[in-house]
Amino acid sequence: MTEWLMKRSQAFTWIAVVLIPISLYMAFIYAPTEAQMGDVQRIFYYHVATAWNAFLFFGAVAACSIAYLLKKDEKWNVAAKTAGELGVLFTSLTLIAGSFWARPIWNVWWTWDPRLTTTLILWFIYVAYLVIQANSEGNQRQKRFAAVFGIIGFLDIPLIHFSVQLWRSIHPSVITRSGTGMPQSMFITLMVCVVAVTFVGLALWGQRLMSEKLRERVDVLREEVLG
Amino acid sequence: MNWLSQLKRYARVLRTLIWKDLLLERRGYETLVMTTGFALLVIVMFHFTFDIRGGEGARFFPGALWTALFFAGTVGIARSGTSDETGGREMGLFLAPIDRSALYLAKLIFHFGLLLIVEVVAVPLFLVSFGLAMVPSPTLLVLALLLGSWGMAALGTLMAGITGISRGAGLMLPLVLFPLLVPVALGAAAVAGAAVTGETTSLTTTWLRVLFVFDVVFTVIPALFYEYLLEG
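Protein chains in written order, with the numbering used here: chain A, 1143 to 1369; chain B, 7 to 238.
The reader is advised that the hints may include incorrect statements.
[As the list claims (entries may be wrong)] Stretch-level coverage of chain A by chain B, calculated; a stretch enters the list once three of its residues show a Cβ under 8 Å from a Cβ in chain B:
1. 1272-1286
2. 1291-1299
[Said to hold, decoys possible] Every beta carbon over 10 Å from chain A, so not counted as near; a handful from chain B, in silico:
3. 56
4. 98
5. 119
6. 205
In short, the hints are calculated from the structure, not lab data. Glycine included, C-beta positions come from ideal geometry on N, C-alpha and C.
Put together the whole structure using the sequences plus the hints.
Structural data, given as structure tokens:
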């Protein structure tokens, strides 16, 4: 799977290059202005797109970590580590964009709503994961520890979300069981943004995997030259 | 009959491993003294910085209690969780022909016991210092302490193993442990709050369930994974 990603990262990059301008056009011009919130609502399209990608990559961390524990192949550890980096990147973007939206709408930069709180805790968990990974260079055992942490962290998410939900809630639920609660043009815009940002994420992941592979190659070559 | 004898053997292994930690602790009671002392100091700091007056005790007690227990517990677990690395004890444990999960469970039970001893000393003093000599539902407070401590000991034991072998272990444990312990922090504080105010609702029962589920999940899963952590 990692080879597949690396081979196609160039293709993903081109798809993203095409899709991102389209998504920008749709989010800023095509989609109607929301009646109550006004233009600031347009943040929503990218906010949801980055949030979705954050979860996608945290899921990838757990999946690659399981694969690493079972197969003990270094490529899965690299895949999990790089997915963790992208997950933290997208979570940061989600938190920042959400904060810009919350200031005019909720009149605060931050509030302890369950989804916000869960997202913040997720950010902390995966920053900790990256710290563990940063300490694991050349240490098999530490890498396995990182994998276990990646799995435990992912398993903890539902419990964390449930418990902060018990604690309090004001986040708007846009997509519920009864439908999306928005006009079709907004929904299409949202989907295009989600797909566009996902391709950015996949392209970055492929590039990151390649750079790790090159780094390994450099290490091997240096070893050979310097003996 | 066969599984019964296996169970007995497992229990014997657990007892021996816990006894090992108790013996080490008895050499100077360092972990116990450090952890209890730290917990008491956090409460003193709490009183100084928040300037809690009479009548406000019940409002601040749950948060102060769990802040103190989390910080102090982390110190204790970081210390004893990594104690096996010295003197070649770790290698001896790896080579022993025992189920790997026993290594985890024994440490977990030891940490749980450590937290309980700290609580037996510290909680009465906390209550008195917050002007809460009378607790409306002491059973609930004990439940909160038992379930909260087990959850903390369970994940703490695993994470101490994880961070123990890396640089700056003492600093890293709270960083990796606290985000994962959010359900325990919220639940145990909510239940402790209900215990000291006497205002129990259906929410209190839900919190107890959350704590229970957390404890079960994060005892069973690390026990299953522990083998992967120790090989090689």
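- Message: Just want to verify: residue 119 of chain B was marked as not at the interface with chain A; is every Cβ pair farther apart than 10 Å?
- Response: holds, 23 Å
- How does the coverage statement for the segment 1272-1286 of chain A fare against chain B, requiring three or more residues with Cβ below 8 Å from a Cβ of that chain? Coverage by chain B holds for the segment 1272-1286 of chain A (9 residues, Cβ < 8 Å).
- Message: Tell me whether the statement that chain B covers the segment 1291-1299 of chain A is true, taking a Cβ distance below 8 Å and needing three residues at minimum.
- Response: n = 6 at 8 Å, threshold three: holds.
- Item | Least C-beta distance between residue 56 of chain B and chain A, which was stated to exceed 10 Å | holds, 19 Å
- Status of residue 98 of chain B, Cβ more than 10 Å from any chain A Cβ: holds, 17 Å
- Task: Check the non-interface label on residue 205 of chain B: least C-beta distance to chain A beyond 10 Å or not.
- Result: holds, 16 Å
Hint compliance for this structure: no hint is broken.
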